[in-house]
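Letter by letter, the chains look like this.
Protein chains: 2
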Amino acid sequence: MYVWGARYAQAVRLDEISTPSRVAAADEGVSTSELGLAARNHGMPLEAMRYDLTPPGLHYLLIHYDIPYVDAESWQLTVDGVVDRPLTLDLATLRAMPAKTVRSTMECAGNGRARLEPRPVSQPWLVEAVGTAEWTGVPLRDVLVAAGVGARAVDVVFTGADHGVERGVEQDYQRKLSVGEATDPDVLLAYAMNGAPLAPQHGFPVRLLVPGWYGMTNVKWLTRVEVLDQAFSGFQQKAYVVRQSADEPGDPVTRIAPRALVIPPGFPDFMTRARVVRPGVVPLEGRAWSGRAPVAHVEVSVDRGATWAKASLGPDGGHRWAWRRWTHEWAATPGRHVITARAITEDGEVQPVDAPWNRGGFVNNAVHEIPVTCLEA
Amino acid sequence: MYVWGARYAQAVRLDEISTPSRVAAADEGVSTSELGLAARNHGMPLEAMRYDLTPPGLHYLLIHYDIPYVDAESWQLTVDGVVDRPLTLDLATLRAMPAKTVRSTMECAGNGRARLEPRPVSQPWLVEAVGTAEWTGVPLRDVLVAAGVGARAVDVVFTGADHGVERGVEQDYQRKLSVGEATDPDVLLAYAMNGAPLAPQHGFPVRLLVPGWYGMTNVKWLTRVEVLDQAFSGFQQKAYVVRQSADEPGDPVTRIAPRALVIPPGFPDFMTRARVVRPGVVPLEGRAWSGRAPVAHVEVSVDRGATWAKASLGPDGGHRWAWRRWTHEWAATPGRHVITARAITEDGEVQPVDAPWNRGGFVNNAVHEIPVTCLEA
Numbered sequence: 003m004y005v006w007g008a009r010y011a012q013a014v015r016l017d018e019i020s021t022p023s024r025v026a027a028a029d030e031g032v033s034t035s036e037l038g039l040a041a042r043n044h045g046m047p048l049e050a051m052r053y054d055l056t057p058p059g060l061h062y063l064l065i066h067y068d069i070p071y072v073d074a075e076s077w078q079l080t081v082d083g084v085v086d087r088p089l090t091l092d093l094a095t096l097r098a099m100p101a102k103t104v105r106s107t108m109e110c111a112g113n114g115r116a117r118l119e120p121r122p123v124s125q126p127w128l129v130e131a132v133g134t135a136e137w138t139g140v141p142l143r144d145v146l147v148a149a150g151v152g153a154r155a156v157d158v159v160f161t162g163a164d165h166g167v168e169r170g171v172e173q174d175y176q177r178k179l180s181v182g183e184a185t186d187p188d189v190l191l192a193y194a195m196n197g198a199p200l201a202p203q204h205g206f207p208v209r210l211l212v213p214g215w216y217g218m219t220n221v222k223w224l225t226r227v228e229v230l231d232q233a234f235s236g237f238q239q240k241a242y243v244v245r246q247s248a249d250e251p252g253d254p255v256t257r258i259a260p261r262a263l264v265i266p267p268g269f270p271d272f273m274t275r276a277r278v279v280r281p282g283v284v285p286l287e288g289r290a291w292s293g294r295a296p297v298a299h300v301e302v303s304v305d306r307g308a309t310w311a312k313a314s315l316g317p318d319g320g321h322r323w324a325w326r327r328w329t330h331e332w333a334a335t336p337g338r339h340v341i342t343a344r345a346i347t348e349d350g351e352v353q354p355v356d357a358p359w360n361r362g363g364f365v366n367n368a369v370h371e372i373p374v375t376c377l378e379a
Numbered sequence: 003m004y005v006w007g008a009r010y011a012q013a014v015r016l017d018e019i020s021t022p023s024r025v026a027a028a029d030e031g032v033s034t035s036e037l038g039l040a041a042r043n044h045g046m047p048l049e050a051m052r053y054d055l056t057p058p059g060l061h062y063l064l065i066h067y068d069i070p071y072v073d074a075e076s077w078q079l080t081v082d083g084v085v086d087r088p089l090t091l092d093l094a095t096l097r098a099m100p101a102k103t104v105r106s107t108m109e110c111a112g113n114g115r116a117r118l119e120p121r122p123v124s125q126p127w128l129v130e131a132v133g134t135a136e137w138t139g140v141p142l143r144d145v146l147v148a149a150g151v152g153a154r155a156v157d158v159v160f161t162g163a164d165h166g167v168e169r170g171v172e173q174d175y176q177r178k179l180s181v182g183e184a185t186d187p188d189v190l191l192a193y194a195m196n197g198a199p200l201a202p203q204h205g206f207p208v209r210l211l212v213p214g215w216y217g218m219t220n221v222k223w224l225t226r227v228e229v230l231d232q233a234f235s236g237f238q239q240k241a242y243v244v245r246q247s248a249d250e251p252g253d254p255v256t257r258i259a260p261r262a263l264v265i266p267p268g269f270p271d272f273m274t275r276a277r278v279v280r281p282g283v284v285p286l287e288g289r290a291w292s293g294r295a296p297v298a299h300v301e302v303s304v305d306r307g308a309t310w311a312k313a314s315l316g317p318d319g320g321h322r323w324a325w326r327r328w329t330h331e332w333a334a335t336p337g338r339h340v341i342t343a344r345a346i347t348e349d350g351e352v353q354p355v356d357a358p359w360n361r362g363g364f365v366n367n368a369v370h371e372i373p374v375t376c377l378e379a
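From first to last, the protein sequence lines are chains U and S. Here the working numbering is used: the first residue of the first sequence is 3, the next is one more, and so on. Here the working numbering is used: the first residue of the second sequence is 3, the next is one more, and so on.
Just chain U, same shape as in the assembly:
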């Protein structure tokens, strides 16, 4: 029988059920709690980078609590706070407003967490918490203009219908943007993904879409947009920060750091996922993206970073916030190789071999190394 921790056996207070954040011991394998999150919240199999738009069901998912059931007929979005005209919008009203479609690569801020040593204990992403979709909705700016947002406005707070407890704090999921960030013309109240209504797990019926920002800002199952005349500092604002210890405030996690990933070449071993190729020209391809300065070029190494070659980078097609395809040809010879790629931005930011550790395990954009064995011919 599956034995639950005795520590919960008599727990009747939230702070007994909901444990403090922690870092795994040096030799500690992945725990059942982490596995429970991994079984729910899946990454994108890397071979899905062959598609410009991630097929439904392959886009990564990170859901803090449960997927809430939201009835589209009765759903309403409240827009209030320090506005001239508080609004209550239903789905039909929103869909009747001028719409915009933005192609956006979304990535979890915790992507790469399980590759850090020591490992922060949370959703144990390796490298695959990413996906790209075309999101359609109403620019948030239009709704804020309709509500009348004046000079007093400081922050805009977004509340989702997902409810839970985290580190002892019962909450609906909430995140904020500054008024300046919220009125960027590409920020959407999105009701469609790749031309179809949002799936339940992606925020049906309406979610926030903030291109270039890590996923935590893209609040799903929106119920309320509240404009504040002061800075908001809710639970999730304090949780998604880069810091070394739990008692410092840390730096907020915001925009997506540059990353390139490789579609693992050849074929895999089922269990180890080790890759196998045969001698000859092996086409390499992958994707690169950045929520900071745009990706300028991608470099590939087949010798674990000893030498780098420039990959061929596909056009951005006018999609500033979407990943770009890159390709490279590798003349594989029998033996052992390590394939990796790195993105370099127009600002000269180079994706690192080692990313600095932080307690939450955020923004780890260290290059992904893929060991490949080339068999004898």
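Keep in mind the hints are simulated off the structure, nothing from the lab. Glycine included, C-beta positions come from ideal geometry on N, C-alpha and C. Just so you know, not all the hints are guaranteed correct.
Counterexamples of contact, computed for chain S against chain U with all Cβ distances above 10 Å [as the list claims (entries may be wrong)]:
#, residue
1, GLY38
2, ALA98
3, LEU315
If you want a taste of the chain S side facing chain U, the calculated C-beta under 10 Å gives, among others [what the hints assert, rightly or not]:
#, residue
4, VAL25
5, ASP29
6, ALA50
7, ASP54
8, LEU60
9, PRO70
10, ALA131
11, GLU168
12, ARG169
13, ALA194
14, GLN203
15, THR274
Could you slot chain S onto chain U? The hints should help.
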């Protein structure tokens, strides 16, 4: 930096890359290899049991190797072996044949593996490797009749386009059915899932659908159906067996054992997934299914199996192979409770509290226990 095992550093033979099956040590956490599988192959969040048909993207997935790219225009299915008229079918031909739709609950044979002690090292499912869909396609029987399957036929072998290595054996994924099993009128060459073309991860363009059998038999990305005049014993036939040690042949894994699951009530803690409710009537609901004899009733316990009450079981709606909804009302009082449910079949098979251990970690249908804390009012 993420450090790969030194054991692969010079590997140039398949049997060096592809490790033998093993069982985790008593105190061994989930390994990076298991986590790599969990990040790709996701379960169904249990709250998705609220839907009769699992929404796209929430159905469980188990893919042994990579998702292959299959071009629908050039795809062909070969039907050959000991048949009178070997066939080559393209998608248009298949879609022009009389179609059938079957609602089917599919479950991974390894569901529950990570709850076994000691834990067999493979895809580390807890309890959520399940989903229900309506599959549309051509009855395999019609195709076999068209090809002319005579009295010599023994087994029918199904080959997928997914290619990899497993325990040192390079292979395309293959499974068999006996001719008797293969000609069951509900076995389909399925090209649609819930009315839409199959997603890449579910076997686009055509997969086998064998209602009532564990997932491993439902071969995805079909390329060939071969009729043999002798018994087939390929790699996957020998892998999906119930046995105590690696050196015994074991009993084949076939049909889905009865199981009931509960939608976890109340709301969760993010990290531990511990559940919280408040005092009063808490509606409980879930689903129950069986690929053996049909589910006759479902029982619920709110005291970790000390006492059981009969749940209200919804109609099967003529869907013999789909899960059935059950409901129950629980008068929650402050304190600590363990909620569980069990399915009982028309044959009197009772879902067990403890399922017998086996080396592959298959068919673990032990009841799922959900610890729930009821707060003070």
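Subject >> Unmet hints by their number, sorted upward, for this structure >> reply: 1, 4, 7, 13
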